[in-house]
Amino acid sequence: EAGVTQFPSHSVIEKGQTVTLRCDPISGHDNLYWYRRVMGKEIKFLLHFVKESKQDESGMPNNRFLAERTGGTYSTLKVQPAELEDSGVYLCASSQAGTGSYGYTFGSGTRLTVV
Amino acid sequence: AQRVTQPEKLLSVFKGAPVELKCNYSYSGSPELFWYVQYSRQRLQLLLRHISRESIKGFTADLNKGETSFHLKKPFAQEEDSAMYYCALTGANNLFFGTGTRLTVIP
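The listed protein sequences correspond, in order, to chains X and G. Counted the way this note's numbering counts, the first sequence spans residues 1 to 115. Counted the way this note's numbering counts, the second sequence spans residues 1 to 107.
Since the hints were made in silico from the structure, they are not lab data. Treat each hint with caution, since some may be false.
[Unchecked claim] Listed below are the simulated BS3-like cross-link pairs for lysine-lysine, each with C-alpha atoms no more than 30 angstroms apart in a straight line:
(1) 44(X) / 9(G)
(2) 41(X) / 57(G)
(3) 41(X) / 73(G)
[Stated by the list, open to error] Per the computed footprint, the stretches of chain G lying under chain X, defined by three or more beta-carbons under 8 angstroms from a beta-carbon of chain X, are:
(4) 43-50
(5) 94-106
Built from N, CA and C at the ideal position, the CB exists for glycine as well.
Start from the sequences, fold in the hints, and give me the full structure.
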């Protein structure tokens with residue numbers, strides 16, 4: 001079984017540019033989560049999809065961030081325009097319905113550096 | 001509001017020594033607590049859950065509701081335990097993480 005796949009693994013962009021991160025969850029996992037880890041700080045929740053619907057987007061920092069999950073499969077997280085403080089590692093996780101938080105499987109993350 | 005505190009950013013112990021990674025939390029309801037671990041060049045993965053009361057790789061963690069703590073312990077540290085450890089709790093249907101503790105086991 002393929003795990004949670006994220007790409008790119010690294011991205012370096014200039015301030016003001018646009019970047020799109022992608023996450024492919026484990027097949028059949030209805031729940032998909034985005035998190036962000038900033039150096040020295042906690043891994044912070046961004047949002048949660050159940051299939052194609054946004055269940056909770058309370059962690060999205062501002063309207064420069066746009067997440068979608070086309071057809072309830074893969075998800076994209078677009079940052080436009082990127083700012084320096086957006087740098088960090090973006091983690092995606094998926095879980096089956098009903099498994100709760102213990103059923104999370106994480107991807108290897110995308111390291112975003114905004115210069 | 002939920003909050004997870006890991007007071008130590010870095011912790012170094014010698015191989016064979018006991019290790020304790022501290023975690024304190026605040027949560028208004030009945031929390032479910034977890035420890036996640038990330039080894040070098042690997043993904044973040046679940047180490048153990050308080051509800052399972054299990055020992056994984058020699059690690060245990062007991063939920064102390066009076067002290068609102070969920071410290072991770074191992075009696076004899078091994079070099080392969082060197083990693084980043086995150087304490088987390090559930091809120092609704094997502095996880096809230098602490099800032100993590102980097103454990104280094106010195107041979």
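**Prompt:** For the pair supplied as a hint, residue 41(X) and residue 57(G), is the alpha-carbon distance within the 30 angstroms limit?
**Reply:** holds, 26 angstroms
**Prompt:** Against chain X, does the segment 43-50 of chain G show at least 3 residues with beta-carbon separation below 8 angstroms?
**Reply:** holds (count 5)
**Distance restraint between residue 44(X) and residue 9(G), which requires alpha-carbon spacing of 30 angstroms or less** = Distance ~17 angstroms between residue 44(X) and residue 9(G) Cα, so the pair holds.
**Item:** Hinted pair residue 41(X) and residue 73(G), Cα distance within 30 angstroms
**Value:** holds, 23 angstroms
**Three-residue Cβ test at 8 angstroms for the coverage of the segment 94-106 of chain G by chain X** = Coverage by chain X holds for the segment 94-106 of chain G (7 residues, Cβ < 8 angstroms).
Checked against the numbered hints listed earlier, the structure breaks none of them; every hint is satisfied.
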